[in-house]
Amino acid sequence: MQKGLTESLAGRYEMIPMNHWSYPEMQEAFDFSLDEFLYFGGYPGSARLIRDEQRWRQYVRASLIQPNIEKDILQMTRVDKPALLKTLFELGCAYSGQIVSFTKLQGQLQDAGNTVTLSHYLDLLAQAGLLTGLQKYAGQKLRQRASSPKLNALNTALMSALAGYTFAQAQADRSYWGRLVESAVGAHLVNSATDNCEIHYWRESPDEVDFVIGNGRQLTAIEVKSNIGFAVPKGLGIFAEQYVGTRTMLVGEGGVPLAEFLSHPAADWLE
1 MQKGLTESLA GRYEMIPMNH WSYPEMQEAF DFSLDEFLYF GGYPGSARLI
51 RDEQRWRQYV RASLIQPNIE KDILQMTRVD KPALLKTLFE LGCAYSGQIV
101 SFTKLQGQLQ DAGNTVTLSH YLDLLAQAGL LTGLQKYAGQ KLRQRASSPK
151 LNALNTALMS ALAGYTFAQA QADRSYWGRL VESAVGAHLV NSATDNCEIH
201 YWRESPDEVD FVIGNGRQLT AIEVKSNIGF AVPKGLGIFA EQYVGTRTML
251 VGEGGVPLAE FLSHPAADWL E
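For what it's worth, the working numbering labels the leading residue of the sequence shown as 1, then goes sequentially.
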């Protein structure tokens, strides 16, 4: 009986997105170092707990992740397989920074259904600000939609709270720390991108570009370098050859300092 009785506010208000806090905001408000931001992420509510990592981890899980999924998604949208959505989120955080085919995800998820279901649930997680699946840049929308997603947690606190690494252990594991750095860059790009600014990745085996920022014909290809001595891959040059006029960037050692990169919105790197 109530259906149709409520008045829609569509078109009568201004959308003001409330994104995760950025590195400069966490640094100014809570004196976060860069490494602390990379591990503990951009949740202001949990910042006071970082000296007690067990309590911090419990807060992120119980007070941020659980309500976000159970209230913001499950109570607002019809989800036929809520357990699958939760497991997809956890698996996505574990694979953050990696390109994973939907077929591979199906193989690791019970009752996964078809790839359309997984793609839909990934979209719901992205809308909730938890996890996104970046599409491959291909120049054509149809080819982009058909690509395997590059999973990216939209706040690195989500990775850290679920991974089981302490702050010190994460710093000591250079492979894991590298994925944390790359995920932080991806999260920053997605969270700071305007409506006309799209974030992708690119790969044509064996060459790959970590991130591609696009706005019409403006393109910037980005490679993230988290380790000293890391050789710059050929992917940037090959991508620039295929898409003439592309700006290429190295973020990290030997390129734009990570702290500086995280201090500017995505669109700034198109100029």
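Some hints here could point you the wrong way.
[What the hints assert, rightly or not] With a Cα cut of at most 30 Å, we get these calculated DSS-like pairs of lysine-lysine:
no. : residue 1 : residue 2
1   : Lys71     : Lys104
2   : Lys81     : Lys104
3   : Lys71     : Lys81
4   : Lys86     : Lys71
5   : Lys234    : Lys104
6   : Lys104    : Lys86
Please keep in mind that the hints were generated in silico from the structure rather than gathered at the bench.
Structure-based check of each hint:
In summary, the hint linking Lys71 to Lys104 is supported, as the alpha carbons are separated by about 28 Å, within the 30 Å threshold. Straight-line distance between C-alpha atoms of Lys81 and Lys104 comes to about 19 Å, which keeps the hinted pair within the 30 Å bound. With a C-alpha separation of about 15 Å, the suggested pair Lys71 and Lys81 falls inside the 30 Å cut-off, and the hint holds. In summary, the hint linking Lys86 to Lys71 is supported, as the alpha carbons are separated by about 12 Å, within the 30 Å threshold.
Proposed proximity of Lys234 and Lys104 is supported: the alpha carbons are some 27 Å apart, at most 30 Å. Between Lys104 and Lys86 the alpha-carbon distance is near 17 Å, which keeps this suggested pair within the 30 Å criterion.
Checked against the numbered hints above, the structure violates none of them.
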